[in-house]
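Work the whole structure out from these sequences, hints included.
Take the sequence shown: its letters are residues 364 to 399, numbered as in the working numbering.
One should not assume that every hint holds.
[Claimed, not checked] Simulated DEER-style distance windows between Cβ atoms:
#1 Lys398 to Tyr375: 28 to 36 Å
#2 Ile368 to Ile390: 27 to 35 Å
#3 Ile367 to Leu388: 49 to 57 Å
#4 Leu373 to Glu395: 28 to 36 Å
#5 Ala364 to Gly399: 48 to 56 Å
#6 Thr372 to Glu395: 30 to 38 Å
#7 Ser365 to Leu397: 45 to 53 Å
#8 Ala370 to Ile390: 27 to 35 Å
#9 Ile367 to Gly399: 44 to 52 Å
#10 Asp366 to Gly399: 28 to 36 Å
#11 Gly393 to Leu373: 27 to 35 Å
Since the hints were made in silico from the structure, they are not lab data.
Don't be surprised by glycine CBs; every beta carbon is placed ideally from N, CA and C.
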Amino acid sequence: ASDIITALTLQYNNARQAGITKELLDIVGGAEALKG
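What follows is the structure in structure tokens.
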């Protein structure tokens, strides 16, 4: 059972990390656009 929990935790962390990365890219892109 712990193997399944470990696998799910890894999947969740990867998905969350991808979301954070996308948000950071959006913020950086917006800042660059504002700077012109």
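Cβ distance range 48 to 56 Å for Ala364 and Gly399, holds or violated: About 55 Å separates the Cβ atoms of Ala364 and Gly399, which means 48 to 56 Å holds.
Assessment of proposed distance window 28 to 36 Å (beta carbons of Asp366, Gly399): Since Asp366 and Gly399 have Cβ atoms about 52 Å apart, the given range 28 to 36 Å is violated.
Cβ separation of Ile368 and Ile390, checked against the hinted range 27 to 35 Å: Holds, since Ile368 and Ile390 (Cβ atoms, about 33 Å apart) stay within the stated range.
Range agreement (Cβ of Leu388 with Cβ of Ile367, hint 49 to 57 Å): violated, 32 Å
Distance restraint hint 45 to 53 Å, applied to the beta-carbon atoms of Ser365 and Leu397: holds, 47 Å
Glu395 and Thr372 - C-beta distance against the hinted 30 to 38 Å: The hinted range 30 to 38 Å holds for Thr372 and Glu395, with Cβ atoms some 34 Å apart.
Ala370 versus Ile390 beta-carbon gap, inside 27 to 35 Å or not: Holds: the Cβ-Cβ distance is about 31 Å, inside 27 to 35 Å.
Cβ distance range 28 to 36 Å for Lys398 and Tyr375, holds or violated: Since Lys398 and Tyr375 have Cβ atoms about 35 Å apart, the given range 28 to 36 Å holds.
Hint check for Glu395 and Leu373 - Cβ pair distance inside 28 to 36 Å: holds, 32 Å
Gly393 versus Leu373 beta-carbon gap, inside 27 to 35 Å or not: holds, 31 Å
Consistency of beta-carbon spacing, Gly399 to Ile367, with hint 44 to 52 Å: holds, 50 Å
Hint violations for this structure: numbers 3 and 10, all remaining hints satisfied.
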